[in-house]
Amino acid sequence: DTGVSQDPRHKITKRGQNVTFRCDPISEHNRLYWYRQTLGQGPEFLTYFQNEAQLEKSRLLSDRFSAERPKGSFSTLEIQRTEQGDSAMYLCASSPRTGHGYTFGSGTRLTVV
Amino acid sequence: DAKTTQPTSMDCAEGRAANLPCNHSTISGNEYVYWYRQIHSQGPQYIIHGLKNNETNEMASLIITEDRKSSTLILPHATLRDTAVYYCIFQRSGGSNYKLTFGKGTLLTVNP
Numbered sequence: 018d019t020g021v022s023q024d025p026r027h028k029i030t031k032r033g034q035n036v037t038f039r040c041d042p043i044s045e046h047n048r049l050y051w052y053r054q055t056l057g058q059g060p061e062f063l064t065y066f067q068n069e070a071q072l073e074k075s076r077l078l079s080d081r082f083s084a085e086r087p088k089g090s091f092s093t094l095e096i097q098r099t100e101q102g103d104s105a106m107y108l109c110a111s112s113p114r115t116g117h118g119y120t121f122g123s124g125t126r127l128t129v130v
Numbered sequence: 008d009a010k011t012t013q014p015t016s017m018d019c020a021e022g023r024a025a026n027l028p029c030n031h032s033t034i035s036g037n038e039y040v041y042w043y044r045q046i047h048s049q050g051p052q053y054i055i056h057g058l059k060n061n062e063t064n065e066m067a068s069l070i071i072t073e074d075r076k077s078s079t080l081i082l083p084h085a086t087l088r089d090t091a092v093y094y095c096i097f098q099r100s101g102g103s104n105y106k107l108t109f110g111k112g113t114l115l116t117v118n119p
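As you go down the protein sequences, you meet chains A and B in turn. Take the first sequence: its position 58, counting from 1, is numbered 75 in my numbering, and each next residue is one higher. Take the second sequence: its position 74, counting from 1, is numbered 81 in my numbering, and each next residue is one higher.
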């Protein structure tokens, strides 16, 4: 499979718990992105990595959110002390250094109860 | 502050052409028009992009007006599997402009 993989597909957690999601991009893509999507809305940009460097974080990404891409390959997105407002689909995407178009994963749907 | 305007929803009969419009009057000269679609419970899927000229690939055709203020995505023979939300967005090529700004898109429903 040469697509973008995200794990898990679904996550239900209790308010206040920490959760971590993983994204495996297309291997030759050096750019990796996280987006969040709530019901009825388009995806919203959260953060961007070029190789292992996190080059931008959206203001949507509060201090409870942290993303890493330690070796420039897979990435993790952690949410600490989850709140009900964090319930959303978290999408990962990757793109090549040159050329056009993102490839998105199928997302991780987070439900905070 | 979405920069594109799309109808909220459209219907199309199976086998007919689906023409999805997008207005983007504020597009800059170096910004490409991109189309993505999102089938329920999946991530967005790239369809096609263009700068000035009309483009065609195995999925769709993209018609961009001469003034670049609007475009139309054409699915020549819509199938039930084309039912999805279609997003029209801008992106500059290269450099540091890597973010995609999605609006709410157009929900296309293909009916049997």
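Hints may be right or wrong, so weigh each one.
Listed next, the stretches of chain B that the computed footprint assigns to chain A, with coverage defined by at least 3 CB atoms under 8 Å from CB atoms of chain A [unchecked claim]: (1) 23-30; (2) 79-89.
Here are a few chain B residues that sit away from chain A, every Cβ distance over 10 Å (derived from the structure) [stated by the list, open to error]: (3) K10; (4) D18; (5) T33; (6) S35; (7) Y43; (8) S48; (9) N61; (10) R75; (11) K76; (12) V92; (13) Q98; (14) N118.
The hints are simulated quantities; they were obtained by calculation from the structure and are not laboratory data. In this text, all values refer to a predicted model and were calculated from it rather than measured experimentally. Note that the Cβ used here is the ideal one computed from N, Cα and C, for glycine as well.
Legend entry - Structure-inconsistent hints, enumerated in ascending order: 1, 2, 7, 8, 12 and 13
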